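Peer 1: Can you build the whole structure from these sequences, using the hints too?
Residue numbers (this note's numbering): 1 to 320.
Bear in mind the hints are in silico, worked out from the structure with no lab data behind them.
Here the structure is a predicted model, which means the values were calculated and not measured.
Be careful, since some hints might not be right.
[What the hints assert, rightly or not] Computed cross-link-like contacts, DSSO-like style, restricted to lysine-lysine with a CA-CA straight-line distance of at most 30 Å:
{"hint": "1", "residue 1": "Lys125", "residue 2": "Lys267"}
{"hint": "2", "residue 1": "Lys49", "residue 2": "Lys67"}
{"hint": "3", "residue 1": "Lys49", "residue 2": "Lys125"}
{"hint": "4", "residue 1": "Lys67", "residue 2": "Lys125"}
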Amino acid sequence: MRIPSWLSVVTLAAAVSACEPFPAAPDSGLTQVQWPGEDFYPEGIAAAKDGTLYAGSLGTGAIARVKPGALGAEVFVPGRPAFGVYGLAVDEAHDTLWACTYDDLLPPTQPSHLAAYALSTGEQKASHPMPGESGFCNDVTVDAAGNVYATDSYANIIVRLAAGGTELTTWASDDAFAPSEPGAFTLNGIAYDGASRLYVVKSDTGTLFSIDIQADGSAAPPVTLPVTPALETPDGLEWVDSQRLLVVENTAGRASMVTLGEGAGTKEVLANGFVEPTAAAITEDGAWVLESQMGFLFGTPGTPALPFRAYRVAVPPLLP
Numbered sequence: 001m002r003i004p005s006w007l008s009v010v011t012l013a014a015a016v017s018a019c020e021p022f023p024a025a026p027d028s029g030l031t032q033v034q035w036p037g038e039d040f041y042p043e044g045i046a047a048a049k050d051g052t053l054y055a056g057s058l059g060t061g062a063i064a065r066v067k068p069g070a071l072g073a074e075v076f077v078p079g080r081p082a083f084g085v086y087g088l089a090v091d092e093a094h095d096t097l098w099a100c101t102y103d104d105l106l107p108p109t110q111p112s113h114l115a116a117y118a119l120s121t122g123e124q125k126a127s128h129p130m131p132g133e134s135g136f137c138n139d140v141t142v143d144a145a146g147n148v149y150a151t152d153s154y155a156n157i158i159v160r161l162a163a164g165g166t167e168l169t170t171w172a173s174d175d176a177f178a179p180s181e182p183g184a185f186t187l188n189g190i191a192y193d194g195a196s197r198l199y200v201v202k203s204d205t206g207t208l209f210s211i212d213i214q215a216d217g218s219a220a221p222p223v224t225l226p227v228t229p230a231l232e233t234p235d236g237l238e239w240v241d242s243q244r245l246l247v248v249e250n251t252a253g254r255a256s257m258v259t260l261g262e263g264a265g266t267k268e269v270l271a272n273g274f275v276e277p278t279a280a281a282i283t284e285d286g287a288w289v290l291e292s293q294m295g296f297l298f299g300t301p302g303t304p305a306l307p308f309r310a311y312r313v314a315v316p317p318l319l320p
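Peer 2: Below is the structure:
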């Protein structure tokens, strides 16, 4: 059920307040940041180490940036018509902001690309087409060696761009990634654990997978990790610490923490009442959950609650 825009803000305020008893990390004092314009419709968000936030737009094709302590955003990469920006990842070691993009003006050639922008200037450095003819670059992460991985929600694969490479190749493909029904959206959020493992969620079934990065860089077979209670339309995925993942549940309007155990996970809802949240970014201040409201862009009756926002949610400490 869609929560009305006015009610979502009330519900969200109560949900965030409910999280406040958890000890907080250094606090900027902000509870939200705002994205520019009436048609921004953010989809992906990423954070730099200093807390700078970046978000990509489905409505304008721009990437906006919010500097630490600021409420409002500035345009970092200008938009362009018929262009959309999806998942983002910051790679400060290589001065790169990675972005999944989709250009409606490109068909019949591949419209979905993994693009690289300079963090220092915002200038585009490269744009790599997804393999095949019908791919969809959805979310992206970077490992410690600088290899880049992206989910393809149409081809049901994970692609990889080797550090210093110029071409995306299929890294992980498995029958478990297949859609539950024709046309279903499959692999979505992806996260790197800082060591040798990736995690990925499958939106149509709510499945969480772990995939080890083997010594030669190839993918080990995916391992299904049952989560209780079950994930509902998981979207964005962020690695928090040694055994926890933050999962954004899109149609459910929630941000949840999954604590991993022996081959399974336990879910705790941190905040709810968001209208179509799509992603989150972790900073010292907490988790910034992006509210997309994208349904209104694609024909849902009504209008979005403006300005578009990301809300800060406190992250509970890891218990012994």
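Peer 1: Please verify whether Lys49 and Lys67 have alpha carbons no more than 30 Å apart.
Peer 2: Since the Cα atoms of Lys49 and Lys67 sit roughly 11 Å apart, the hinted pair holds (cutoff 30 Å).
Peer 1: Would the pair Lys67 and Lys125 pass a check requiring their Cα atoms to be no farther apart than 30 Å?
Peer 2: At roughly 22 Å apart (the allowed maximum being 30 Å), Lys125 and Lys67 satisfy the hint.
Peer 1: Verify the proposed pairing of Lys125 with Lys267, using a straight-line Cα cut of 30 Å.
Peer 2: violated, 39 Å
Peer 1: Is the hinted pair Lys49 and Lys125 satisfied, with a Cα-Cα distance of at most 30 Å?
Peer 2: holds, 21 Å
Of the hints listed earlier, the one the structure fails to meet is number 1.
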